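> This is what each chain is made of:
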Amino acid sequence: MNWYAIKAIYHFEMARTRRTLMQSIFAPVISTSLYFVVFGAAIGGRIQQVDGVSYGAFIVPGLIMLSLLTNSISNASFGIYFPKFTGTIYELLSAPVSMIEVVMGYVGAAATKSLILGTIILATAGLFVPLEIAHPFIMLFFLVLTAVSFSLFGFIIGVWADNFEKLQLIPLLIVTPLVFLGGSFYSASMLSPFWQTVTMFNPVLYLVSGFRWSFYEIADVSIGVSLTMILLFLTACMAVVWWIFKTGYHIKN
Amino acid sequence: MQAIVSIRNLSKTYAGGFRALKNVSLDIQRGEIIALLGPNGAGKTTLISTICGIVNPSEGQVLVDGKDIIKDFRATRALIGLVPQELTTEAFETVFGTVSFSRGLFGKAPNPAYIEKILRDLSLWDKRDNRIRTLSGGMKRRLLIAKALSHEPSILFLDEPTAGVDVELRKDMWKVVSALRESGVTIILTTHYIEEAEAIADRIGVMTKGELILVEDKAALMHKLGKKQLILDLKHKLETLPATLNEHDLVLSEDGLQLTYTYDTQGERTGITTLLDDLRREGIGFRDLQTTQSSLEEIFVKLVEESR
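Note that the protein sequences, when read in sequence, are chains C and G.
The numbers in my numbering rise by one with no breaks, and the one at position 211 of the first sequence is 211.
The numbers in my numbering rise by one with no breaks, and the one at position 98 of the second sequence is 98.
Because the hints were derived from the structure by calculation, they are not lab data.
Take these hints with a grain of salt, some might be off.
Stated by the list, open to error - The calculated BS3-like cross-link candidates involving lysine-lysine, where the alpha carbons are at most 25 angstroms apart (straight line), are:
| no. | chain 1 | residue 1 | chain 2 | residue 2 |
| --- | --- | --- | --- | --- |
| 1 | G | Lys-117 | C | Lys-7 |
| 2 | G | Lys-175 | G | Lys-140 |
| 3 | G | Lys-218 | G | Lys-22 |
| 4 | C | Lys-7 | C | Lys-246 |
| 5 | G | Lys-218 | G | Lys-108 |
| 6 | G | Lys-117 | G | Lys-127 |
| 7 | C | Lys-7 | C | Lys-84 |
| 8 | G | Lys-175 | C | Lys-252 |
| 9 | C | Lys-252 | G | Lys-117 |
| 10 | C | Lys-84 | C | Lys-166 |
| 11 | G | Lys-140 | G | Lys-127 |
| 12 | G | Lys-71 | C | Lys-252 |
| 13 | G | Lys-218 | G | Lys-228 |
| 14 | G | Lys-22 | G | Lys-71 |
| 15 | C | Lys-7 | G | Lys-218 |
| 16 | C | Lys-246 | G | Lys-117 |
| 17 | G | Lys-67 | C | Lys-252 |
| 18 | C | Lys-252 | C | Lys-84 |
| 19 | C | Lys-246 | G | Lys-67 |
| 20 | G | Lys-175 | C | Lys-84 |
| 21 | G | Lys-175 | G | Lys-127 |
| 22 | C | Lys-84 | G | Lys-140 |
Quantities reported herein were computed from a predicted structural model and do not represent experimental measurements.
Construct the entire structure; sequences and hints are all you get.
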């Protein structure tokens, strides 16, 4: 294992975060705070409790997931896309590094950034609503698993994209709607039976539901099903990444 | 002695069907400088990219220090440094940071003293904390060399190292290359500048249309394929050449004051003595004489034209 290479990629990516601190950390924190102000304080006060939890507190896990997912994807996709765009990927391809090392460097850094962000948002949420975490270790496990899985997904998008438009296409047109319609701001039980069935096809529902369970022990689906779904997603992403490196898809001629 | 790079029947066909390399075989000896010459699209960059792992070969095999570049990619790539043709650098990273990154990527423990040495050797130490985007084109080129040398490679590939570089900097670059060779590094360079190959290479390879049409020791190549000319400045104007001189390959200048004699350096006899005797017999005197040898450029153009 080329540990120095993993460390080099990881540090390089983290240095990029430090250079773009406003964009990487502060901007998502500010936008999430606005959600709390609008939905939690302004509108939330007029909404009844959901499953015994105040509306402001109810949306905290969903908002963290929203930031975690979108930032994991954008961090990792940009991390691998930019060397392709500038041409500096030649160095990565000619270095004695394997698939697993490249992925550990890029995905590790992207997941770290997302976890830092998730933690900051959680702390920010504590300023607006009373928070309680029933199962902190499961909450942390979900946080790490989601950050890693969606960073892998972002890595795939970054490899697939051959222009900036494609880089934004999946996060904006697919991921964001899935997060908004995956129970981030409501419980699936509040929907009509037909839409409840439709929502079950949304993979983000399982993440938000499981993550919320770790806070308040309330969920749309059981915690076991949530964990299985995220592990399946992780496995699928790993399989695609393995195929990318085996075939050199969009990386190597 | 075992070749440090051994290329056997290497071919590359891109997805669109373009054959960039056709059955290329070449042995590169340890410590030599070999220059690959060829027109645009000859396959020089594809050959380098294949050896370095950037392009997958379609057929054939490459051994680096006796190891296969695909099966033993870790061992072979650790020995190689690559300076790409394009000035592809990060814009916002610092000079020291990017060279340190390259060293780590190639599996070497941090060594700030060694990186300082490289940066000093390449006159970049003063710029160590500068962001790359603030560097000039020549500095970026030297930075790419510093990155390629950061992991102490024993083989260095330079793809058009002096493209777009002014004459002074080009000569500085040649000094860097010569110093590297003296430290034992094997150097493979592609170039459009034939005088560059003439100045620094030990051997010359000529590529065209994906084929390596010739590999020869530089001096032997110029000796074998080069022509020499003897130019005589005449004392008196000559209207026509006397018939007795017809057996010599002579050309009289338009002003009738210069005779040019072309001869083969490979020939058993150059014919110069006979020519001078015949000139004396005809009473043709000369004030001065000089010889010229065909340049590598003329040889290269001739080879490429012949292959068309």
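> Now look at each hint and say whether the structure bears it out.
Hint-by-hint comparison with the structure:
1. G:Lys-117 - C:Lys-7: With a Cα-Cα distance of about 23 angstroms, the restraint between G:Lys-117 and C:Lys-7 holds, given a limit of 25 angstroms.
2. G:Lys-175 - G:Lys-140: holds, 17 angstroms
3. G:Lys-218 - G:Lys-22: holds, 23 angstroms
4. C:Lys-7 - C:Lys-246: Status holds; Cα separation ~23 angstroms.
5. G:Lys-218 - G:Lys-108: violated, 36 angstroms
6. G:Lys-117 - G:Lys-127: holds, 13 angstroms
7. C:Lys-7 - C:Lys-84: Roughly 20 angstroms separates the two Cα atoms, so the pair holds.
8. G:Lys-175 - C:Lys-252: Violated, because 34 angstroms separates the two Cα atoms, which is more than 25 angstroms.
9. C:Lys-252 - G:Lys-117: Violated, at about 33 angstroms.
10. C:Lys-84 - C:Lys-166: Holds: C:Lys-84 and C:Lys-166 sit about 14 angstroms apart, inside 25 angstroms.
11. G:Lys-140 - G:Lys-127: holds, 11 angstroms
12. G:Lys-71 - C:Lys-252: holds, 17 angstroms
13. G:Lys-218 - G:Lys-228: Holds, at roughly 16 angstroms.
14. G:Lys-22 - G:Lys-71: OK: G:Lys-22 and G:Lys-71 at ~22 angstroms, within 25 angstroms.
15. C:Lys-7 - G:Lys-218: With a Cα-Cα distance of about 44 angstroms, the restraint between C:Lys-7 and G:Lys-218 is violated, given a limit of 25 angstroms.
16. C:Lys-246 - G:Lys-117: violated, 38 angstroms
17. G:Lys-67 - C:Lys-252: holds, 22 angstroms
18. C:Lys-252 - C:Lys-84: Holds: C:Lys-252 and C:Lys-84 sit about 10 angstroms apart, inside 25 angstroms.
19. C:Lys-246 - G:Lys-67: holds, 21 angstroms
20. G:Lys-175 - C:Lys-84: Answer violated: G:Lys-175 to C:Lys-84 is near 32 angstroms, above 25 angstroms.
21. G:Lys-175 - G:Lys-127: holds, 21 angstroms
22. C:Lys-84 - G:Lys-140: holds, 19 angstroms
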